[in-house]
Amino acid sequence: MNPLSSTFLWLNSKGRIVSIHPGVGQTLGYPVPDLLDKPISKLIPPWTTAVWTEHWAKLMAGETVEVMVRRRPGRGKLRSVQVTLSPLILEQKTYGFVQLEDYGTSEREFSQFRQLVDNASDTLYSYRLGSDAGFEYLSPSIERLMGYPPHAYYQNRELLLSQVHPDDLPRFQGLLEGKTVTDSPLSLRWFHRNGHLVWTEQQDTFVYSPLGEAIAIEGVIRDITKRHEAELALRQQAERERLVSAIAQRIRQSLNLEEILQTTVSEVRHFLDSDRVLIYRFDANPAEVPNCHGIVVVESVDRLWKPMLNHQIPLSHQDSPELQRYLNGRSYLINDSSQETDPTIQALLNPFQIKSSLIVPILLQSSEGLDHGCLWGLLVAHQCRQERHWQSLEVELLQQLATQVAIAIQQSHLFEQVQQQGEVLEKEIRERTQQLQQAIEFDAMLKRITDKVRDSLDESQIVQTAVREVAVVLGVGSCNAALYDLDQGTSTICYEYTNFIPASQGRVSQMGNFPELYTQLMDGCYFQFCSLIPNPVRGRVAMLASPLFDNQGVLGDLWLVHHAEYEFTDLEIRLVQQVANQCAIAIRQARLYQAAQTQVAELEKLNRLKDDFLSAVSHELRTPIANMKLAIEMLKLFAPQEDDNPEPKMVDSAQVMRIQRYLNILNTECTREEELVEDLLDLQRLENNAYLISMSLINLNEWIPTLTRPFYTRVSDREQGLHVDCPKNLPPFVCDRLNLERILVELLNNACKYTATRGDIHLQVRQCEIPGEDNFQLREGIEFSIRNQASIPPEELPKIFDKFYRIPNADPWKQGGTGLGLALIEKLVFQLQGQIGVESAEGWTTFRVVFPNQRQELNFELNA
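Numbering that gives the first Met the number 0 puts the first residue of the sequence shown at 0, with every later residue one more than the last.
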């Protein structure tokens, strides 16, 4: 639609008119002079201050604003004016350019507009204000909306006011008085002519006079009843879901079944505003058990009505339609109990003044996965004050809550099962813990007995400890151990510990008088039994017997005695068997130890006799040897020599030579006998720790050449080589000079003795480090190594330091020997806190002797 005319005007930065097109006055309905310096917001109603401020802010921000307004210049007809506000920037200031396009009110346009308005589904209206207030126009749709045609409202102004809902009347009256027009739609409630409630939503606009006075209200009224009902239904649905969720949450907050059910009936009665809500529980599954009964387990009831708690209600026959309805998950509604024809239902409802009832089944999920569940009970709501028509939403609500209750019941059942399983498991854990603690105590006791067996060889102390430990740990009345005398056929109680059973220690039993007992014990079997005939002293008791036996046979038995009702467990029996085995080991070890001690005493006696014999023999041997040597020396003095001047009586030269040879043999053998006796006496002193040691400072660089000088002549006669390696920087060495010389001389003699012609002998002396007494800190030492070209078979090396032992076929010079030299050397080395070792490989035999250098010990003794 094209505008009838177009005019414009200019605004300054404050929104006031500074320049006007001549046609503006006609469009706005004011004289042109009256428009200058006037604010545009006052001349183009119905702009409010807030609306104009928003439009002017956009204009100042550089935006163009287009607005269609309806004007009524003077008392003329309504005119439509398009207002366009555009920004204009001059000299860095923003001005407003306003274009007004008048679309007028031509008859043709008005006719087209009227046709559209009359056919619109919404109701359009125009209401004049002032002293002659009333409707100027109402579209025909008002009759469909309110029930009256438009002319009824033209004639009766109060008719419309009478249809407004009383709660909305103040707002509507404020609208008519020009006070409550807002930019947002106005929602009102109306009473239709037929009485039902109509919800409307309307948008109102004020029409102003040229002087800015509100003279009319124009608007559109839209019927939103269906939308409101839909919104209401949605809100009710949301509220119902919220309530169901809240109730379900409160139900599920507990796993206690009674608390769950009580919470359910209380919440449901509050939500439904009913007189009674109860839960009826079957005592069995009605689908499986015919003619089962049930009882009201929980109830929430108004105090005005008779309670039904714990009331038993018989169930209808198994094939009844009512039961089948519940089994199939369907609810049962009674809106008016007086209309029920079933006498059974009447007999149930009348005593409790029940006028309406809503019954919903509670079905638990079947564990077998079948389509139908197990009918656990019923959720029932009663109305007693008056009849009640149950709404579908209420039925759905109760069904949903019944489902939640069923889930909570199943969770409660599962929780009870878990609790029961937990109690069973806790009981098993306690039993296992007790068994474990008992096993730990048993192990500790067995360890104490085992340690006693290992630490002691006293038979009486070990067995008595075992008997006491068993009696205390097991808490039996008595524990005793008996030892057998198989030759005499007797069993004697030698050890006993009692708590409350009379003692029996010292009692001797003839094993033949109780063959049924001792036959099993002799076979290594245990047994327990309870005496049938009371003992005169102990009365009736329970007993456990276990034999004391090992791989060599039975030594005795171990008896445990307790009160007649006691039964020994497998763990206790195994413990007693282990203790019996330890006791058998202890007894056998003690007896072996006693036998060994006896043998040791006999050996010590023999050793003393041997030492006495050696001392006596050595003394007796030394005396004649000394006499023999004296005699030999005398013979040497008086025997003729080859270079002596012959007497007048000529002496046979051959006879003189024979006498001299015999004397040499006699002297040599006498010397060997003397050395043998000396070696025997030295060995005896070393073994008895009676050998004297005298430490002194030795300069090895000077002492070694002196020691080896005599051997050069000997090796030269036998075409052997002697090589001495003694570094010049050896430290001063503290040792027993005489014994060290004896050790090295003996080893060099052996080397010369067992080295063949043209063989080599090496003596090496070097400084070394050896472990200290704590095996951690090293200390200074001296090593002597004697090597010679000779081989010793590997099987002979372990015997080389034995007394009187000689290596077979190892003496190339046939010098013989007593076999005491190396044994004596080993004893001397150990006496000097040294070490000696031998090895033979690749045709060489090496003896290594290592001694600690005791310079610091000697200095300490001298300073002290």
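Don't take each hint at face value.
In silico DSS-like pairs for lysine-lysine, Cα to Cα no more than 25 Å straight-line [what the hints assert, rightly or not]:
id, residue 1, residue 2
1, Lys426, Lys354
2, Lys57, Lys92
3, Lys305, Lys225
4, Lys354, Lys446
5, Lys802, Lys604
6, Lys802, Lys752
7, Lys37, Lys13
8, Lys37, Lys92
9, Lys354, Lys604
Computed beta-carbon distance windows for the label pairs [what the hints assert, rightly or not]:
id, residue 1, residue 2, range
10, His292, Gln323, 38 to 46 Å
11, Glu795, Ala438, 22 to 30 Å
12, Ser337, Lys225, 35 to 43 Å
Because the hints were derived from the structure by calculation, they are not lab data.
In this text, all values refer to a predicted model and were calculated from it rather than measured experimentally.
Just so it is clear, CB atoms sit at the ideal spot from N, CA and C, and this is done for glycine as well.
Outcome of the hint check:
1. Lys426 with Lys354: Violated - the C-alpha atoms of Lys354 and Lys426 are around 53 Å apart, more than 25 Å.
2. Lys57 with Lys92: 15 Å, holds
3. Lys305 with Lys225: Violated - the C-alpha atoms of Lys225 and Lys305 are around 44 Å apart, more than 25 Å.
4. Lys354 with Lys446: Not OK: Lys354 and Lys446 at ~83 Å, beyond 25 Å, violated.
5. Lys802 with Lys604: 21 Å, holds
6. Lys802 with Lys752: With a Cα-Cα distance of about 18 Å, the restraint between Lys802 and Lys752 holds, given a limit of 25 Å.
7. Lys37 with Lys13: Answer holds: Lys37 to Lys13 is near 10 Å, not above 25 Å.
8. Lys37 with Lys92: Given pair Lys37, Lys92 holds - Cα atoms ~20 Å apart, limit 25 Å.
9. Lys354 with Lys604: 121 Å, violated
10. His292 with Gln323: 38 to 46 Å: Given about 18 Å between the Cβ atoms, the range is violated.
11. Glu795 with Ala438: 22 to 30 Å: 56 Å, violated
12. Ser337 with Lys225: 35 to 43 Å: 37 Å, holds
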